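Residue numbers (our numbering): 8 to 258.
Worth flagging that the hints you see were computed from the coordinates, not collected in a lab.
Treat the hints with care, since some could be wrong.
No more than 25 Å apart at the CA atoms, straight line, and that leaves these computed lysine to any residue pairs for SDA-like [what the hints assert, rightly or not]:
1) K64 - P75
2) K86 - S13
3) K29 - N16
4) K112 - A138
5) K92 - R133
6) K23 - K112
7) K86 - E46
8) K24 - M8
9) K103 - N62
10) K258 - P169
11) K28 - K184
12) K184 - I171
13) K86 - T14
14) K24 - T51
15) K156 - G139
16) K156 - L243
Predicted model only: the values in this text are computed from it and were never measured.
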Amino acid sequence: MEHIQSTKNSRVKEWKKLLAKKDRDITGRYIIEGEHLIEEALETNDVIELILQENIKLPDSWLTSDIPPVTTISADISKIISDTKTPQGVFAVCRKKEHTIDLTKHKRFLLFDGVQDPGNIGTMIRTADAAGIDVVILGEGSGDVYNPKVIRSAQGSHFHLPIILGNLHTWIETLKKSGIPVYGTALEGAVSYKEVSPSDSFALIVGNEGAGVASDILNKTDRNLYIPIYGKSESLNVAVAAGILLYYLRK
8 MEHIQSTKNS RVKEWKKLLA KKDRDITGRY IIEGEHLIEE ALETNDVIEL
58 ILQENIKLPD SWLTSDIPPV TTISADISKI ISDTKTPQGV FAVCRKKEHT
108 IDLTKHKRFL LFDGVQDPGN IGTMIRTADA AGIDVVILGE GSGDVYNPKV
158 IRSAQGSHFH LPIILGNLHT WIETLKKSGI PVYGTALEGA VSYKEVSPSD
208 SFALIVGNEG AGVASDILNK TDRNLYIPIY GKSESLNVAV AAGILLYYLR
258 K
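All chains should be modelled from the sequences, with the hints used to inform the complete structure.
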């Protein structure tokens, strides 16, 4: 077990770089923090190395023969490689996963069109996981799924279902050819979500927090849905709307 004390150590600099999307894309790696997330990652063999602040005990459940390499660090280093004001002192470097989507097995999809807020992205991934969605697809203009805030909001759901990047136009055509109904979300030119029937397979597209789903995407869907507003609010938060629709649409 190696111990690193200096904040100027080259490995510390590499860990810190993983807080930036550019370096996550280049290396194919990302960093997570906290016991709960790391426990989820260890079950999927995504962890490359563990990083533990000195004086913090490694959980007994992690003490297995095939545990990844462990490096201990000082509290000052924890502050540098953490994305939070109060570091938990337990980190892991993980590898990004490549996923193959099988439309004979994957039947329920959630697609993001330009969703940017990390909290919304993470919350919807977590909700999709809970609702039994098979695949999450992020289209162009959407935020980075490996952003630390997204990972915290998703609470481990990154490790439960495939999350991929893709061209939504191509995916809409592919899904429709496979007989999977595709629903957009809109405030105008749409029908109440209760006018469609729940089914075993479907794809739901949610859009940017301000602009919604792009019109060229909405023109390609089978139907576009809205959720009635009974009070004075203009609209629902995209993550809340996604939760309502995902649970309604699944049979």
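Next on the checklist: Which constraints among the numbered hints does this structure fail? Numbers only, ascending.
Outcome noted: 6, 9, 11
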